[in-house]
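Asks: Here is how the chains run, residue by residue.
There are 2 protein chains.
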Amino acid sequence: MDQPYDVYQDRCPTRMVLDRLADKWALLILDRLRDGPVRFNHLRRDIAGISQKVLSQTLKKLERDGLISRQVFPTVPVTVEYALTGLGRTLTDTVAALAHWAEANMDAVLAAQKAYDSIVR
Amino acid sequence: MDQPYDVYQDRCPTRMVLDRLADKWALLILDRLRDGPVRFNHLRRDIAGISQKVLSQTLKKLERDGLISRQVFPTVPVTVEYALTGLGRTLTDTVAALAHWAEANMDAVLAAQKAYDSIVR
DNA sequence: CGGGATCCTCAGGGATACTG
DNA sequence: CAGTATCCCTGAGGATCCCG
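Protein chains in written order, with my numbering: chain U, -7 to 113; chain L, -7 to 113.
It should be emphasised that the hints constitute simulated quantities derived from the structure, not laboratory data.
Computed from a prediction, not measured in an experiment: that's the story for all the values here.
C-beta atoms are modelled at their ideal positions from N, C-alpha and C, and glycine is treated no differently.
Check the hints yourself; a few may be wrong.
Straight line, CA to CA, 27 Å or less: simulated DSS-like cross-link-like pairs of lysine-lysine [what the hints assert, rightly or not]:
1) Lys53(U) to Lys52(L)
2) Lys52(L) to Lys106(U)
3) Lys45(L) to Lys106(U)
4) Lys52(U) to Lys106(L)
5) Lys53(L) to Lys106(U)
6) Lys45(U) to Lys52(L)
Computed, partial: chain U to chain L, Cβ under 10 Å [said to hold, decoys possible]:
7) Arg12
8) Val70
9) Thr77
10) Leu83
11) Val87
12) Ala103
13) Asp109
With the hints as constraints, model all of the structure from the sequences given.
Replies: Shown next as structure tokens:
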């Protein structure tokens, strides 16, 4: 029988998941959680440039999709930790590879852009 | 010495590359080119839901970044083939893993969403 | 500390039409 | 066939203020 899901099809629910993963902030968050639970403001500081609104939104969506978990500690003031779930952990290697590919290949990309611009202008 | 590039830093050029890769359409295009060169309208048909404008734009950006190549055949009418470059090929496994993770884990995600919604409402 | 609620903008992307 | 050119519009995301 055919595969039940196909990302190449419009209206396939997998497109929704792909949309979530194909997001700069989501990738950085998932990658940042790789080494263990992290608190909200810690994520905010580590992921330079993200706004608290977008961080909050993205965390909620990732939690809804079962990729991360949220644990509240009744301290004063309250402490909240985000961590990868088992499902989320199946993505860490892939996410890390993608997120850090840019770091490893930045020079090659920069050179390609330069070459492209010099020809096409 | 420190790593020259760091995706966690704002203003780091790697963020630009991450932005390119963290795009649903770019991922699907790169994945679709895995098995060899594909023509423009063929890509358009295979990747259901993409508009020609976005396809054209995304292809141009990917070409500029050195991830794909564009070859024109002087037939009538003209034929254009897109293919992965050596640089682009270093991404195929990662991209495929991400793009198809959704297909493999769709049921788990759907279940997580259902559970989340039943509690949070 | 960890967010929620608002307001605002602006650029990404859809629809349509045209061309070498 | 493989795009380019416009117009248009919506919704993602930044900035700001507030709260338990």
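Asks: For each hint, tell me whether it holds in the structure or not.
Replies: Taking the hints in turn, this is what the structure says about them:
no.: 1; hint: Lys53(U) to Lys52(L); in the structure: violated (31 Å)
no.: 2; hint: Lys52(L) to Lys106(U); in the structure: holds (14 Å)
no.: 3; hint: Lys45(L) to Lys106(U); in the structure: holds (24 Å)
no.: 4; hint: Lys52(U) to Lys106(L); in the structure: holds (14 Å)
no.: 5; hint: Lys53(L) to Lys106(U); in the structure: holds (13 Å)
no.: 6; hint: Lys45(U) to Lys52(L); in the structure: violated (32 Å)
no.: 7; hint: Arg12; in the structure: holds (9 Å)
no.: 8; hint: Val70; in the structure: violated (18 Å)
no.: 9; hint: Thr77; in the structure: holds (8 Å)
no.: 10; hint: Leu83; in the structure: holds (6 Å)
no.: 11; hint: Val87; in the structure: holds (8 Å)
no.: 12; hint: Ala103; in the structure: holds (7 Å)
no.: 13; hint: Asp109; in the structure: holds (8 Å)
Checked against the numbered hints above, the structure breaks hints 1, 6, 8 and satisfies the rest.
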